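A.B. asks: From first to last, the protein sequence lines are chains A and B. With numbering that gives the first Met the number 0 applied, the first sequence has no gaps in its numbers, which climb one by one up to 445 at the end. With numbering that gives the first Met the number 0 applied, the second sequence has no gaps in its numbers, which climb one by one up to 402 at the end.
To be clear, the hints were calculated from the coordinates, so they are not data collected in a lab. All values derive from a computational prediction rather than experimental measurement. Note that the Cβ used here is the ideal one computed from N, Cα and C, for glycine as well. The reader is advised that the hints may include incorrect statements.
[Said to hold, decoys possible] Facing chain B, a subset of chain A residues (Cβ under 7 Å, in silico):
1. GLY342
2. ALA343
3. VAL345
4. LEU358
5. ALA360
6. GLN363
[Said to hold, decoys possible] Across the chosen pairs, the derived CB separations fall in these ranges:
7. B:PHE2 <-> A:LEU380: 48 to 58 Å
8. B:PHE2 <-> A:LYS306: 31 to 41 Å
9. B:SER228 <-> A:MET275: 26 to 36 Å
10. B:LYS254 <-> A:ASP283: 24 to 34 Å
11. B:VAL24 <-> A:ASP352: 27 to 37 Å
12. B:HIS314 <-> A:LEU2: 30 to 40 Å
13. B:LYS254 <-> A:MET275: 37 to 47 Å
14. B:TYR277 <-> A:ASN425: 51 to 61 Å
15. B:LEU41 <-> A:ASP283: 28 to 38 Å
16. B:MET10 <-> A:ASP283: 55 to 65 Å
17. B:GLN255 <-> A:ASP47: 53 to 63 Å
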Amino acid sequence: MSLKVGIDFGTSNSGVAVYDGQHVKLLPVDPKNVLPEVIKTVLYITRDYRTYLGQEAVETYYRDNVNRQRRYVKQWAGEIDVYGADMHYVRDIFVYVDELKPGRLLQYLKTALRKDNYQGTQIFERYYSVGDLAKTYLSLLKQRAENVLGETIDAVTLGRPVKFSEHPEQDHKAQETLRQAAHEAGFKDVDFELEPIAAALDYEQSMTKSQNVVIFDFGGGTLDIAVMRLGDSKSRKVYASGGVDIAGSDFDRTIIEKRMLAHFGYGKVKHHPEIMDMIHAIPDWMALPELGTPINRNILEKAIQAKIAPVRLKALESLIYNDLAFTFYNRVEAGKIALSNEGATVISLEDKDIALWELYARAQFESDIYHYLIDVEKVLLDTIAKSGLEPGAIDAVVKTGGSSSIPLFTGMLARIFGKEKVKESNSFSSVVAGLAIKAHTSSVVE
Amino acid sequence: MSFTNKIDEWMKEAEERPESAVTIVRLIARRLRELTERDEELLAENIALQNGTRVEEYQKRITHLEYQLELLKRRFGVDGDTLVELPTKPVESTTSSMLIYNAQGRVFRVELNPRAVSGGNADTKELGRITGEMVTDHEPPRLLTVPSNEEIVLLFTSGRVDTVAVSDIPTVELGGAWDWAQAALPNEPRAGELLACVTPFSHLPLSDFFLQVSRRGCVKKTMTSMAQSILSNHYIGKGALQKSDQPFDLMLCKKQERLAFVTYEGHLLGLDVDDLSYASEERIRLTATDYVVASFTTRPNESLLFVTQTGKVVHRESKSLELPKSANAKGQTLIPPSRLEQGVRFMGAASVKDSDSVVVLDATGRLKLYEAESMTGAGSIAADGLILSIGIIPADSLKRAAS
């Protein structure tokens, strides 16, 4: 019998687990991480196409990139046809390429799967489609898991959100891209399980009687909800499932937009439109690294020379040109996480020419993301209604995923279902544990 | 959002969850302390700018850079405009010279002709013969190979220094017989002074420190930013703690390098340059009869070569060099005590590559050339008399001369 594992390919973090029929074993696939069983969904590809993932990717990226030298060279990128009223001419297009760039760091790979406007990216001389990126990550993760287990893994149960996308076509396409990537990564047998259902399978292990359970899986990329009858595998039933594209990365983006952009002069200084475009790109993790062109630097330097908010613009220049984007997003995310336990935290970033400091209180955070609470509550109540159950008929609400620890949402669940019904589960391991159980069950059936 | 609005939001948080007030106050207090420290630094900087201290500092730095530029110009024999283009030009097309000098300041310069040096049976090639008194003032002559367009510093036992261009020293014929009385005297030692050592100087801009080693194992480093002041005052100091001690060696080195020195009675000590003190410090515990006979910086891919007065060659990997745990150590022992009792003593040591050549000066005045690889392979060299000194001819200097 071939070995089948469960893989939670999460937006922010991933994990691999195996189930032997009695115990779930979470595999320590990232020994460098604080929790070795959790691996960041981060991929770093160097100029010579060496690949790193997880904490090693982050460390290599920091070592090679932060405050490094840059040298831009003009490179022919293609040509465009220009049509006028009665004329037509062809123009060469050139781009400035940083030839000292040692590698590319890629994150939110799962989000890329469901973006219909994101097909892939050019990494030095090679083009990586979204599937290629997922394949690269999964094959490295497979290798790590095989090293831990000491045997070959042939099959996998992959987790997937209830909805990759609101559009069924895009949703199907995302799953098939992920399936193809897993096959190319070396898994002969690939199947999927909805993430909230996987979390339910893990929770079911601790149940002694049948109950109506709501799984509230609120992670980095999506919110997934499942209303289920759990406790007895024979009478296990999914009443309804639902989801929405709201999650941790949206909160990070909101924090940046509402709290951090002011540090670069947004809303305080009348900037040049091109500088405003740069500032608007800061919350976008895909756009920010692309801003580092010589033209933009020239614009910023000119404004600094003209003494237009020089400290703020120097900070913007440092953020873009010292490769601090990843650090910046991490600090924002860390601030958000801290607010789950603390009443206030500081989001700060201090490096060459940049010194950001923002005291951020939970009341501010809750006010900033309040509109998301309304949407989340609506999706939750809609899913409950779809299940045909009344909120009072729900016996337990199981929260999983990092964002489920945000007090604003915990409060909402307590308000709707009652505080005693809201159950904690391991935010990072319940989905992968459930996927391992599913993988074991399906392999036994086969 | 204005700062007042932010304060209102923090107040709201404190009202909603009073326990947050403590966190907010703690975070603000920490920030206040950081800002106070930064404010103090900025005020100090402001004072330095206003009273001209900072200006003086920058002026000194500019002067130092100008001096380094001048040195580079002299080394490459070009003007400033040409210097800018230097990286694209072959800068190594120059010959090498071997300097043989004694404590009285006498110097022979031999232009190294690659054919004569490496042609034929290079194992025991004789470079020349010196006549006259070989050991003066209890100091044997010393050997140094430098590019012919190098600038050298002469360090005297009083701590005085002077610079000379190698090309200004007359050459003697390779393979001939040379008498000390006819040797050049580029800078005569003053009364009571001896010439302690000669050191190449043109890579000053690429170095971090001057390093001085005394006969009794005192080590002192000085930042190269002091070069202008040292050279204009013609004084670097003795770098010794005891009155009876005297300077032995001066070299330029970088932060990351490792210094090694070897004593007459066969002790080897390694030191990290970065960890050395700016004040003279005795770094090795020596017996009354022991003293330093060689000091050098080690490089990766090189090995350590030690030669006794009878021609025995000890060869060690450079990674075998241990760093002492205490500030005043005995060092590693190169030979067992029984051999020491038999009278074996070390006369020279160096960091070498297999492709380098080694020049050995014996008590009869003969200067013989050996290949480092064959020397270490054989484990000994045959000399006509007791060995007085060794010098290294780096393989790349011969290649350079050949080109």
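A.B. asks: Decide, hint by hint, whether the structure agrees.
C.D. replies: Hints, one by one, checked against the model:
A cut of 7 Å between beta carbons decides the hint on A:GLY342: the least distance to chain B is about 2 Å, and the hint holds. Look at A:ALA343: its Cβ gets to within about 5 Å of chain B, closer than 7 Å, so that hint holds up. Taken as an interface hint, A:VAL345 checks out: its beta carbon lies about 5 Å from the nearest beta carbon of chain B, inside 7 Å. A least Cβ separation of about 6 Å between A:LEU358 and chain B falls short of the 7 Å threshold, and the interface hint therefore holds.
Using the Cβ-Cβ criterion of 7 Å, the hint placing A:ALA360 at the interface with chain B is satisfied: the shortest such distance is roughly 4 Å. With a least beta-carbon distance of about 5 Å to chain B, the hint placing A:GLN363 at the interface is held under the 7 Å criterion. Separation of B:PHE2 from A:LEU380 is about 39 Å and departs from the stated range, judged on CB atoms against 48 to 58 Å. Taking 31 to 41 Å as the suggested C-beta distance range, the pair B:PHE2 and A:LYS306 does not conform, at roughly 22 Å.
For the hinted restraint 26 to 36 Å between B:SER228 and A:MET275, the CB-CB distance of approximately 52 Å leaves it violated. For B:LYS254 and A:ASP283, the Cβ-Cβ distance of about 42 Å falls outside the hinted range of 24 to 34 Å, so the restraint is violated. At about 30 Å, the CB distance of B:VAL24 to A:ASP352 agrees with the hint of 27 to 37 Å. Distance hint check: the CB atoms of B:HIS314 and A:LEU2 are about 55 Å apart, inconsistent with the given range 30 to 40 Å.
Here the CB-CB span from B:LYS254 to A:MET275 is close to 45 Å, well matched to the stated 37 to 47 Å. A beta carbon spacing of about 56 Å between B:TYR277 and A:ASN425 agrees with the range 51 to 61 Å that was offered as a hint. For B:LEU41 and A:ASP283, the Cβ-Cβ distance of about 35 Å falls inside the hinted range of 28 to 38 Å, so the restraint holds. Take B:MET10 and A:ASP283: their Cβ atoms lie about 33 Å apart, and the range 55 to 65 Å is violated.
The given range of 53 to 63 Å is broken by B:GLN255 and A:ASP47, whose C-beta atoms sit roughly 27 Å from each other.
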